[in-house]
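Read off the chains here:
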Amino acid sequence: MLTTSRRRLLVSSAASAAALASPAWMRSAFAADTIKVGALYSQTGGLSIVEKMLANAVRMAVAEINAAGGVMGRTVEVVLEDGASDPKTFNEKASKLVTRDRIETVFGCHTSASRKAVLPVFERRNAMLFYQTHYEGYECSKNVVYSGAVANQQLGNYIPWIAQKLGKKKFFIVGSNYVYPREMAKVSKKLIEESGAKWVADEYLELGHSEWATMVRKIKESGADVVLSNVVGDSLVAFYREYKNQGMSQAAVPICATVTSEIEIAAMGAEYAAGSYTSVPYFMSIDTPANKSFIERYRKFVNDPKAVTYHSLEAAYFQVFLWKQAVEAGKATTADAIRANIGGQTFDAPGGRVRIDPDSLHAWVTPRIGQWQADGQSKVVDANPQPLRPLPYSAYGETDSNLICTRKGAVTAKI
Amino acid sequence: MLDVLLIGLSVGSILLLAALGLVIIYGAMGVVNMAHGEMIMVGAYAAVMTQIWLGWGLYAAIPIAFVLTALLGFLIERCVVRRLYGRLGDTLLATWGVAILVQQFVRLEGGLAFFGIHIEGLGPGLQNMPVPTELQGAFQIAGTSINAYRAFIVASTIVLTLATWLLLYRTRIGMQVRAIIRNPRMAAACGIDVERVNALTFAFGAGLAGITGVLVAGFKTVSPDMGTALVVDSFLVVVAGGVGSLLGAVVTAIGLGEVNGVVAAVTNDIVARAAVFGLVILLIVVRPQGLFSFKGR
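In order, the protein sequence lines correspond to chains A and B. Each residue of the first sequence is one higher than the one before, counting from 0 in numbering that gives the first Met the number 0. Each residue of the second sequence is one higher than the one before, counting from 0 in numbering that gives the first Met the number 0.
If you're looking for bench data, these hints aren't it; they were derived computationally from the structure. Among the hints, a few may not be true.
[To be verified] Each pair of labels, with its calculated beta carbon distance range:
| no. | chain 1 | residue 1 | chain 2 | residue 2 | range |
| --- | --- | --- | --- | --- | --- |
| 1 | A | ARG181 | B | MET185 | 56 to 62 angstroms |
| 2 | B | VAL265 | A | LYS378 | 35 to 41 angstroms |
| 3 | B | LEU92 | A | ARG181 | 34 to 40 angstroms |
[What the hints assert, rightly or not] Which residues of chain A face chain B? A few of them, derived with a C-beta cut under 7 angstroms, are:
| no. | residue |
| --- | --- |
| 4 | SER47 |
| 5 | ASP201 |
| 6 | SER209 |
| 7 | GLU210 |
| 8 | ALA212 |
| 9 | VAL231 |
| 10 | ARG240 |
| 11 | GLN245 |
| 12 | GLY268 |
[Claimed, not checked] Residues from chain A that keep clear of chain B, each with C-beta distances beyond 10 angstroms, as calculated:
| no. | residue |
| --- | --- |
| 13 | ALA66 |
| 14 | SER140 |
| 15 | LYS169 |
| 16 | VAL199 |
| 17 | LYS291 |
| 18 | GLU295 |
| 19 | LYS299 |
| 20 | ASN302 |
| 21 | THR333 |
| 22 | PRO386 |
| 23 | THR405 |
Fair warning: this is a prediction, and the values are worked out from it, not measured in the lab. Using N, Cα and C, we set each Cβ at its ideal position, and we do this for glycine too.
Whole structure, please, built from the sequences with the hints as guidance.
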């Protein structure tokens, strides 16, 4: 009697000692009450300015989910990793999250470069990445849910609107010299010709370069009546400033952008952008109770009463709720369960209803065009009546009826 | 064509502004100051902070930024660079480290970010420096429209270059600096307090970078990593122009600016950038010592 109980005591204490000594990931297997998700954003380096905001949006969504009872009654825990603005580091940190921490879902990446760098990790380990940034498309992965806009959702309504409503017939296309602006230009050229307008030039400036004098002079001399800008980063601030300083007027030759958001407008000074346009699904100025409450909660969460929200931030926020719905629908956190259940999930995001397309795993979002005002906020001048189907391969002939990105992967035969 | 040349001139004067501080630092001390771009960044932040906290504009920010960055430069010379004279590779690493420290200091708002305290004007975000209304827009001279802010930058560059020239060639301390540029040991043997002159030179070079920062803030975004791109350009000018040569810096900066402007106008900006780098490579292959250089070093 005494011996057995002593043996039992010895056994159980040895077991608990082993549990305490075991690595963290083994211990977490015992505590199955929390669901871990990854957040992979740069906390350092050049891209950290924006990516910290995205990480905050994800953390805020998780905090709200936890406050409302968690996912399937379990608390969600965010494991934040720093991609350090470097695709190689992104790849290493993605491996760490997926392989060592055994995390099945990661929210993260901001640039296409970092997404492409982590993609093999998610595909090989069959984990899910939720990616919020609008991007150039031309990708179809069953391991990524894309909650930002693709080219057809930014340009599909934009170019005809510029040609018809603004009556512009000569486009000058400018961009930064990398994949997004070049793919966007490809789609635009097709749409411009379909709208009966024409493009006079298609010019690029190095990323991060800020000497716009010659380019603005060329725009001036080309006789273009509208500029389509796919410029990214802080060089677009220099662009808008130079534009005004060379005496160009947004009223006569407006800059119509696909990237310029509340953040850059604040950085350049609102007077330089007043009168120009941007096409994205979400604007901070959307006048609904849901959006007002979202902005208020975000400002409280980051403890900054002047914090701005913008389209990728909104997508980073709502994609966490879509993930929750998919997990609850499939009653499992695995990538297979999420993939099977996220298609068709809808959510009332701050900017309106969004839906995940079951074929491409991209989001149906509502294209909107905003005109920038003197206060740095936009006035929504045009909005699609309903969310628009994402067509990641729109530049290659993808239409509603001729899908290239399908449930079984990309049908390359159609390209 | 005139407007293309004017654009080239303004590109060149920004290059020269960024390089001016470096020319005398690299020339006099043989120190590759990788933190030079960060001095420009600090100058730009000084302008933003002057605007936010004192409500003063761009003009008032120029002397404030000069004093601030000169003090910072003096401090860096005293704490780091002083111990590394004559060790080119080491100064490169050490000042690169200083550059990262300065960047992080701005990003983390001097460390206060850890305590949840936010200083407006600092932090990791993009900042904005308003330009006085008289410098916005363009004016017409001889049928060519001239960008007011660029004209202001060209004028400022002329003034600063003249001031530097006067200091180097018309003052006692300038003569000592030139002596050190030619041969630091001989200068020391002649009774020049090399340490003191070096510290002052470094401070002055940093101060010039500070002024550059203010001027650049008028058309560029102000952010913690803005200096990195500028420092590359200024090294181009210093190396191609000849180490320590003010004339070399002026000629190279304007030359490269014009090449950039003309090539960009004829083809595009990316080709122009490649052309500038190609030209500099060609130049240092043909004349490794730079366009204008002293025999002493």
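For each hint, the structure was consulted:
1. A/ARG181 x B/MET185: 56 to 62 angstroms: holds, 57 angstroms
2. B/VAL265 x A/LYS378: 35 to 41 angstroms: holds, 40 angstroms
3. B/LEU92 x A/ARG181: 34 to 40 angstroms: With a Cβ separation near 37 angstroms, B/LEU92 and A/ARG181 satisfy 34 to 40 angstroms, so the hint holds.
4. SER47: holds, 6 angstroms
5. ASP201: violated, 10 angstroms
6. SER209: holds, 5 angstroms
7. GLU210: holds, 6 angstroms
8. ALA212: holds, 4 angstroms
9. VAL231: violated, 12 angstroms
10. ARG240: holds, 5 angstroms
11. GLN245: holds, 6 angstroms
12. GLY268: Holds. Min distance 5 angstroms.
13. ALA66: Holds: least Cβ distance 21 angstroms, greater than 10 angstroms.
14. SER140: Given that every Cβ of chain B is farther than 10 angstroms from that of A/SER140, nearest at about 31 angstroms, it holds.
15. LYS169: holds, 19 angstroms
16. VAL199: Per Cβ check, A/VAL199 is outside 10 angstroms of chain B; nearest 14 angstroms; holds.
17. LYS291: holds, 23 angstroms
18. GLU295: Non-interface label on A/GLU295 holds, nearest chain B Cβ at 18 angstroms vs cutoff 10 angstroms.
19. LYS299: At roughly 14 angstroms from the nearest Cβ of chain B, A/LYS299 sits farther out than 10 angstroms, so the non-interface label holds.
20. ASN302: The assertion about A/ASN302 is violated, with a minimum of 7 angstroms to chain B.
21. THR333: holds, 36 angstroms
22. PRO386: About 31 angstroms separates A/PRO386 from the closest Cβ of chain B, which puts it past 10 angstroms; holds.
23. THR405: Holds: least Cβ distance 37 angstroms, greater than 10 angstroms.
In this structure, the hints that do not hold are numbers 5, 9 and 20, in rising order.
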